[in-house]
Amino acid sequence: MFFEVTAEPLDAARLVAHVRKDEAGAVALFYGVVRDNSRGRRVLYLEYDAYPEMATKVMRQIAEEVMARWPVTDIAIRHRTGRLEIGETSLLVAVSSPHRDEAFAACHALVDRFKEVVPVWKKEVWEGGETWIEGEPVRHPETGGRP
Amino acid sequence: MFFEVTAEPLDAARLVAHVRKDEAGAVALFYGVVRDNSRGRRVLYLEYDAYPEMATKVMRQIAEEVMARWPVTDIAIRHRTGRLEIGETSLLVAVSSPHRDEAFAACHALVDRFKEVVPVWKKEVWEGGETWIEGEPVRHPETGGRP
Amino acid sequence: MSGTGKAKVRLFARLSDLAGTRETEVELGEGLTAAGVYQALCTRFPALAGLENSLMYALNAEYVEPDHPVRDGDELALIPPVSGGRDVL
Amino acid sequence: MSGTGKAKVRLFARLSDLAGTRETEVELGEGLTAAGVYQALCTRFPALAGLENSLMYALNAEYVEPDHPVRDGDELALIPPVSGGRDVL
Chain U
1 MFFEVTAEPL DAARLVAHVR KDEAGAVALF YGVVRDNSRG RRVLYLEYDA
51 YPEMATKVMR QIAEEVMARW PVTDIAIRHR TGRLEIGETS LLVAVSSPHR
101 DEAFAACHAL VDRFKEVVPV WKKEVWEGGE TWIEGEPVRH PETGGRP
Chain G
148 MFFEVTAEPL DAARLVAHVR KDEAGAVALF YGVVRDNSRG RRVLYLEYDA
198 YPEMATKVMR QIAEEVMARW PVTDIAIRHR TGRLEIGETS LLVAVSSPHR
248 DEAFAACHAL VDRFKEVVPV WKKEVWEGGE TWIEGEPVRH PETGGRP
Chain E
295 MSGTGKAKVR LFARLSDLAG TRETEVELGE GLTAAGVYQA LCTRFPALAG
345 LENSLMYALN AEYVEPDHPV RDGDELALIP PVSGGRDVL
Chain B
384 MSGTGKAKVR LFARLSDLAG TRETEVELGE GLTAAGVYQA LCTRFPALAG
434 LENSLMYALN AEYVEPDHPV RDGDELALIP PVSGGRDVL
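Protein chains in written order, with our numbering: chain U, 1 to 147; chain G, 148 to 294; chain E, 295 to 383; chain B, 384 to 472.
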């Protein structure tokens, strides 16, 4: 398993090489990409903040949740911080497994959980303004409810 | 859209660059990888055969089915033919979309449909033998039943 | 209208192994169908016999019914079942 | 047991913008909790006030309850809601 928060551009090939194993016939890879619009506004760029030491810890927790649920071979997650331009990759989630259904299900679940509990924040910057995007208050990764 | 059958190693970065668009916040990428075992046997390598002109046509058909069902931005599919060693990638399916749920659903559906209708065949070679893997008879891509 | 003439036939995977070739030509009799071409081929390549229940046909790279007529200049492909299934990838 | 001493407090995203800093220290009074540290900070950084319903707390990089005690040498992080939701990616 491999979890990282980094200011460097994300390298998908490295992540896939990490999770690929001889017994795994499937790899599902998700890219979160900066898009040019959000909530009806034209976005100029994004700014990501994170609590890196905790983010990697929580990534490991959600990976363990997912591995307990699906027969997954390996998992790797990277998130980028700092200023990201339109089209750049903010998040990569790679999952390998013997068969494809589990790779898809586990990868999708990881991305969903990531957005719920991993301490990473996004600021949208548009023409003439900016705002930190905040969702629901973070739910506790173990209990699923607010502590 | 981009569909190809090739004897060359598959380049995931090229496929992702193809489907990435400024309005697409998510890319789901699936790798079919040669694994070292199948049906309880240790596999030495695989040999893929295809009807390339038809395969690319059918890939386009299933991509159009998927685009009619989900708000997908772009799709690209490549399959490799010839001898593939353990760990090599036989299939890449890339889907971009504004949001992640559609990218996952469409990519998963494309892989499932690919395995049902695209004229590509796999021979497993193991210690002392080999066999072409044949599933159910192909179902017609339009009617869903045997013609 | 089907008629006389020649069609190219393409064989893949197990079928090409069985026939020992990936491509051949057939003379088209009057009213010959895709399934009829397969039957004609079985005379030339007896190892191909007995596959009618699993075979599909493609004419000029499109799936067609077994009773679809084959015309001069057509390319007919005999399509064995593709790998399919959960266990494949 | 909570007691006196110092804790490091880390602020992220909107909170660091509001406070104008990403990191500060607090003196720990007897029995101070995570939520108590936040209240103490609000005196120093009034812009942080009023967020108690959306804030989460992490002590030494683990989520904790608001009433969790903070001890000498701890690192407390104030965690605003993460981006979450369907519309994010």
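Think of the hints as simulated: they come from the structure by calculation, not from any bench.
Glycine is no exception: its CB is placed at the ideal position from the N, C-alpha and C atoms.
Be a bit skeptical, because a hint or two may be false.
Derived, one-sided and incomplete: chain G residues facing chain U with beta-carbon distance under 7 Å [to be verified]:
#: 1; residue: Leu-176
#: 2; residue: Tyr-178
#: 3; residue: Val-180
#: 4; residue: Asp-183
#: 5; residue: Tyr-192
#: 6; residue: Gly-229
#: 7; residue: Glu-232
#: 8; residue: Ile-233
#: 9; residue: His-255
#: 10; residue: Ala-256
#: 11; residue: Val-258
#: 12; residue: Trp-279
So, going through the hints one by one against the coordinates:
Interface hint status for G/Leu-176: upheld, as the beta-carbon distance to the closest one in chain U is roughly 4 Å, under 7 Å. Contact between G/Tyr-178 and chain U, as hinted, is supported at the beta carbon level, the nearest pair being about 4 Å apart and thus within 7 Å. Residue-level restraint check for G/Val-180 holds (minimum Cβ-Cβ distance to chain U is 6 Å; threshold 7 Å). For G/Asp-183, the interface hint holds, the least distance from its beta-carbon to any beta-carbon of chain U being 4 Å, beneath 7 Å.
Evaluation of the G/Tyr-192 hint against chain U yields a violated restraint, the C-beta minimum of about 12 Å exceeding 7 Å. Restraint check, G/Gly-229 versus chain U: the minimum CB separation of about 18 Å is more than 7 Å; hint violated. Contact between G/Glu-232 and chain U, as hinted, is not supported at the beta carbon level, the nearest pair being about 10 Å apart and thus beyond 7 Å. A cut of 7 Å between beta carbons decides the hint on G/Ile-233: the least distance to chain U is about 5 Å, and the hint holds.
With its C-beta approaching chain U no nearer than about 5 Å, G/His-255 sits inside the 7 Å limit, and its interface hint holds. With its C-beta approaching chain U no nearer than about 10 Å, G/Ala-256 sits outside the 7 Å limit, and its interface hint is violated. The beta carbon of G/Val-258 is positioned within 7 Å of a beta carbon in chain U (closest approach about 6 Å), and the interface hint is therefore held. Residue-level restraint check for G/Trp-279 is violated (minimum Cβ-Cβ distance to chain U is 18 Å; threshold 7 Å).
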